[in-house]
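Asks: The primary structure of each chain is shown beneath.
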Amino acid sequence: MKSFSYMRARDVTEATRAAQRPGSKVIAGGTNLLDLAKLSIERPSALIDVNRIPGLKEIRRLPDGGVRIGALVTNADLAAHPLIREHYPLLSRAILAGASGQIRNMATTGGNLLQRTRCVQFYDTSDRCNKRAPGSGCGALDGANRMNAIVGGSASCIAVHPSDMAVAMRILDAVVETTDAHGAHRRIPIDDFYVLPDAAPQHETVLTPGEMITGVSLPAPPQGMQSYRKVRDRASYAFALVSVGAIAAVEEGHFTRVRFAFGGIAPKPWRIEAAEAALRGKPRNAQAISTACDIALAGAAGHGDNDFKIALAHRTLIAVLGA
Amino acid sequence: MPQAPDALLPAPELSAPIGPGNVRREGHSKVTGNALYSVEYQPDQIGATEPILYGAAVLSTIARGRIAAIDTKNAQAMPGVRLVLTADNVPRQSPWGPLNAPVRFARSQPVFFDRTVRYFGEPVAFVVADTFENATAAADLVSVRYEPLDASIVLKESGGINPAPLHGGKSADSRTGNFDEAFAQSPHQIDVRYDTPYQNHAAMELQGSLAHWKDGKLTVYAPAQIPDAMQEGLAATFGLPKDRVRVVARLIGGGFGGKLPYFSDSVACAIASRILKQPVKFSFTRQQMFTATTHRPAVLHHVRIGVGADGHIHALAHDVVSQTASFDNYLDGDTMGAKGLYRADAIQTTQRIARLDLPRSDSMRSPGDASGTLALESGIDEAARLCGLDPVEFRLRNDTQINPSTGQPFSSRHLAECLRQGAEKFGWSTRRKRREGEWLIGYGVAAAMRDNMLRPSSAEVTLAPDGVLVARLAMTDPGTGSITVLSQIASEAMGIPLDRVTVLIGDTDFPPTAGSGGSFGAESAGSALYEACVALRGALQSKAEVAAGTHLHFADGALIAGDRRYPLGRLVGAAGLTVQGHTAPGMEAKRYAEATFGAHFVEVAVNAVTGEMRCRRMLGAFAAGRILNARTARSQALGGMIWGLSSALIEGNVVDPRGQFVMRDLANYHVPIMADVGAIDVMLLPEIEPVANPIGIKGIGEVGINGAGAAIANAIFDACGVRVRSFPITLDKLLPGLPTLT
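Sequence lines, in order, name chains A and B. So in UniProt numbering, spot 133 of the first sequence is number 133, and the numbers just go up one at a time. So in UniProt numbering, spot 681 of the second sequence is number 681, and the numbers just go up one at a time.
Just so you know, the hints here were simulated from the structure itself, not pulled from any lab data. Backbone N, C-alpha and C fix where the C-beta goes; we use that ideal spot for every residue, glycine too.
Derived DSS-like pairs (lysine-lysine); straight-line CA-CA distance at most 25 Å:
| no. | chain 1 | residue 1 | chain 2 | residue 2 |
| --- | --- | --- | --- | --- |
| 1 | B | Lys170 | B | Lys590 |
| 2 | A | Lys2 | B | Lys73 |
| 3 | B | Lys73 | B | Lys277 |
| 4 | B | Lys217 | B | Lys277 |
| 5 | B | Lys217 | B | Lys242 |
| 6 | B | Lys73 | A | Lys38 |
Over 10 Å on every C-beta distance to chain B, these chain A residues come out as not near it, computed from the model:
| no. | residue |
| --- | --- |
| 7 | Pro44 |
| 8 | Ala80 |
| 9 | Ala200 |
| 10 | Gln223 |
Starting from the given sequences, assemble the full structure and let the hints guide the process.
Replies: The following block contains the structure:
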């Protein structure tokens, strides 16, 4: 682990200015960054601690019926908040399906969105990884890839975004609010926030140097039954093999409104609106759901160890949306 | 002075058959964080005046080849760095081995002694600095250039060699009757192949050491399950007489066989401490543990069972190939279950080892039996189903009181009682295979057996004038409860209240023991301590002026002779009284087969849609002779059963194309968490063990894992009709067999 300087930022302006410098990293809960730094995968020269910046730990109701979540709200607090539990149970369930109680106590909303995509080769500095060492190749494509992506990856990277929370937020049409070093604010729809790996997997989001997440806002929840189902190798504290979040309204055995997204199969929360549209008005049965899943997973391909995820994604979606 | 005849001082009686559930004596210090582990000692606690230095290891990044060059310039230039140890500058040590050493844990194990790389993740350099951070940062800067060679990393059935020549010519194979003939003539035949995976040690305490050379003597603080073996090994490595090496292992944060061997951490720390004249400590990181220590080998199993029309097993064969390192000869005893669990006219077992360019395999809880019974007891379930017999009834029908491979009678064997009483408590006969929504509910059973072993051990007891008894022995407590049960044995044998008994362990300055491992720890050390107490009783009796013919007994810290009471402290002089005891296997070990038995019953739920599997209920019934401590024995059984669950559903590592273990941290290398376990219960059957040892116990540390995983696999088949013969049964292996959704 490389030595680094440490600075405690008093406000967003100070934090973003400091974070703009090359080698600087913002730290909040540190649940991902510190792990990576200890393994010399992240090698920050400066840590900008934002935990004491006032005003970023609030959850408040918005006039349009939505909520705004401060970037420093912990996963534990967010999942337990009455507003979230009542109006966005999908989000509570997704968060509680992730990590462990200890990690959720530390991890923040902004940090959760910004955790690096995962892959065992990314974590092994002796292996090839285009994300960790651009241009070095990918050890997962022809190596162990049971946990890797079946959609959204590229010839250079098939790492998976591991967040459960982000899957729920994608379904809820979350908007990520940021401030950059010049004081400019952006409101970025979560789907635009993440970028697919293509040829440059080291870039996982559209954030510019120094730009910092200050909060996330959720519009009022759509009508329908909210659910989140995570299929994994053990009952808790494991990354998803496949997870499915959904909000579905059904009338007389037919879908009227449906949203769904997958976790554990792509470099970002995987939601395809065309697949949802294909379900509208369709009978609630395995065939209709499977057809919609085919649209969502168009072009999906396994890489050997993870071939099973395609079938598992279908089956899990049927389990979640089926009668 | 008249002596009371021995007949009037009967041997001490221990509580029987199920001892009290005393809490761990060191438990409070552990759960409050006050317990000190090997790498946590401060200079003043080890008699050092200098500060302790920190080590960091550099591991190889090829599976096989040569080190062309190691560039340590940048590392040496880092702040605080005191030494970079590599093949270029390491002092002379004894050569590795020998392979056929009688105690493989006492072999010489030099570090960095040549430029050969034998596996991926092998330590190739060791950096010592003033702080942990400086050592670690400098280790990152050591640059190694390799000349790689083709590596053999895939376990294949055809790749095995017969290890017999390596083990003094004694064959690991067995043959009773004519298997081929008996199998061919059997109306029901099972002929199946199973595989069990690599499993890595994931104990809470990492492997690490603190070494201190002082006045020509080396002291190493390390989590050694067998301090005496480690002492011998270090002495051999450095060409020293044994009395110049001391190993201290007062507390161990989980052993499970992973700390039976010693590792490069202690050797490297010792070399560095000798050169730098300061204590040096080092602990592998969690990631490094996966390659730089040992693992349970992957095993390929071929199981064949021939059954007669009457449900009797006529032929049983278990042929295995297991991995060992290219430079080692570790043999996992995977066929022990086949040799001893069931009466069969013909039994054939073969064990082959495949030398691969992978890290060393060695013991992990119930080595051999744990993986062997996954295959065997699944195969037995397949055979029972093929015959249309209830799997409990099938096992009862093939029970035996004679070890079928050796012809020896079992000293005590209550497998049938475990099956019957376990079945009754579990509700086996009223089980109802069913569907609950998405979940398919099924039931499974399996038998468990673990050979019982007594190993030579000794102990010393000192009675002080204040009546306090102190026992000393180089036994260890890797979390099993040794300290607690040894205290109980001494307390009960001497009639001295538990709070006036102190047991000091984990130090080669104390009388040697077999240490902890192979379920032999409590039995071997406990018997030695018992013998020491018997000797002390005799010595105290002779010091009391007791009239001939008086009945004697020890109680409440006193020798009671008729109506006279002699407080024990008053029978010894100011210096106290010290005596030793010793135990070793006797003739009974040759006349009898000795083993602990048990039976597992489980209920699982399999999700018909997603393939998720959950163990809902688990019951283990065990007969292990006298149970010294109901609480710690139960914990041992629970831990074993949960590991069995882990082996069935969760745990296993794979090797990537480079020869690297893929999973190297606890986020990826899965072991069960609480939510996986469900309702779990243990029955300890009262049992008299008349032969094995003077304290009437049998090993309980490992039997819990044996068969537990197979019971789950059998229940999964019961639930959904899919037999996955590759462990662990992860849902991706189950999915193809589940019905399609409509």
